[in-house]
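> Sequence:
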Amino acid sequence: MRQPKNAKKAKAESAPEPLSTREKILLAARAELETTPPYAVGMRDIAARVGITAGAIYRHFPSKNAILEEIALEAIAAFDAAIAAGAREYLSPRKRWLGGWQGARSWALTNPQLFELFYNPPAELSSERISDAFARPALTLGDLASNSDVLELSHPDSLALATSIWRIRSRYGSEFPDLRETSGAKILGIVRALIELCGTIHAELAGFMELTFVDHEAYLKVVGGRWADILRL
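Here the sequence shown stands for residues 1 to 233, where the numbers follow the UniProt record's numbering.
There could be a bad hint or two in this list.
What the hints assert, rightly or not - Here are the in silico distance ranges between beta carbons for each label pair: (1) Pro18 <-> Ala160: 22 to 30 Å; (2) Ala78 <-> Pro18: 18 to 26 Å; (3) Ser131 <-> Glu23: 20 to 28 Å; (4) Gly51 <-> Arg232: 20 to 28 Å; (5) Ala77 <-> Pro177: 21 to 29 Å; (6) Ala40 <-> Pro177: 52 to 60 Å; (7) Ala77 <-> Ser158: 39 to 47 Å; (8) Ala66 <-> Arg88: 46 to 54 Å; (9) Ala40 <-> Met209: 23 to 31 Å; (10) Thr36 <-> Arg88: 29 to 37 Å; (11) Ser127 <-> Arg49: 39 to 47 Å.
Hint data in this document are derived by calculation from the structure and do not stem from the laboratory.
Ideal Cβ positions, reconstructed from N, Cα and C, are used throughout, including at glycine.
Given the sequences, and given the hints that come with them, work out the whole structure.
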């Protein structure tokens, strides 16, 4: 029995677009990272998963590092989205802040290799694009603390820190207008909070906390709560 033309058209429109070779390469590299550290991921292994030759990969990426860098950028975006999603479950500023921290931890525990890829990348992978993208989670945390004030941090008197804060305002001020009026001390506090959030997650993933704190979730809540106190949330 023949299908009506409208039914065929609807079926065709609902069918997902086939993945491009570039997307297949990224998908294969992510699969390799689930069981293999970044330095050991081989182009031949990626190519075998895609069903192409290793040389064909270079038509889409100039190097393995370019592939890993792209995945790291996607991972940072997903990590940032997890912070925002965790915060959306709550209404009060303090609970939204802590919800964002919990969302970050939950994502990292589900995707440990991707978290480590951008937080603790191999030396050859360090790039300005990754560093720039890592500012996004800090901006999201800053948005969660938009109505806060810093209690225990003084304005940085280092020229290098002051220059960095100026760069942050210049780079993201148009997207986050309040950033131009945000004190240097608060910007510094948000960045420090992000570093402590990621460092605590990294310590858990690496097993550094096994002999100290059994309840990792509770420990993260204490650390996040301390920063909520500092920011007067």
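> All hints are to be evaluated individually against the structure, with a verdict given for each.
Evaluated hints:
| no. | hint | result |
| --- | --- | --- |
| 1 | Pro18 <-> Ala160: 22 to 30 Å | violated, 49 Å |
| 2 | Ala78 <-> Pro18: 18 to 26 Å | holds, 23 Å |
| 3 | Ser131 <-> Glu23: 20 to 28 Å | holds, 25 Å |
| 4 | Gly51 <-> Arg232: 20 to 28 Å | violated, 56 Å |
| 5 | Ala77 <-> Pro177: 21 to 29 Å | holds, 22 Å |
| 6 | Ala40 <-> Pro177: 52 to 60 Å | violated, 45 Å |
| 7 | Ala77 <-> Ser158: 39 to 47 Å | violated, 30 Å |
| 8 | Ala66 <-> Arg88: 46 to 54 Å | violated, 34 Å |
| 9 | Ala40 <-> Met209: 23 to 31 Å | holds, 26 Å |
| 10 | Thr36 <-> Arg88: 29 to 37 Å | holds, 34 Å |
| 11 | Ser127 <-> Arg49: 39 to 47 Å | violated, 24 Å |
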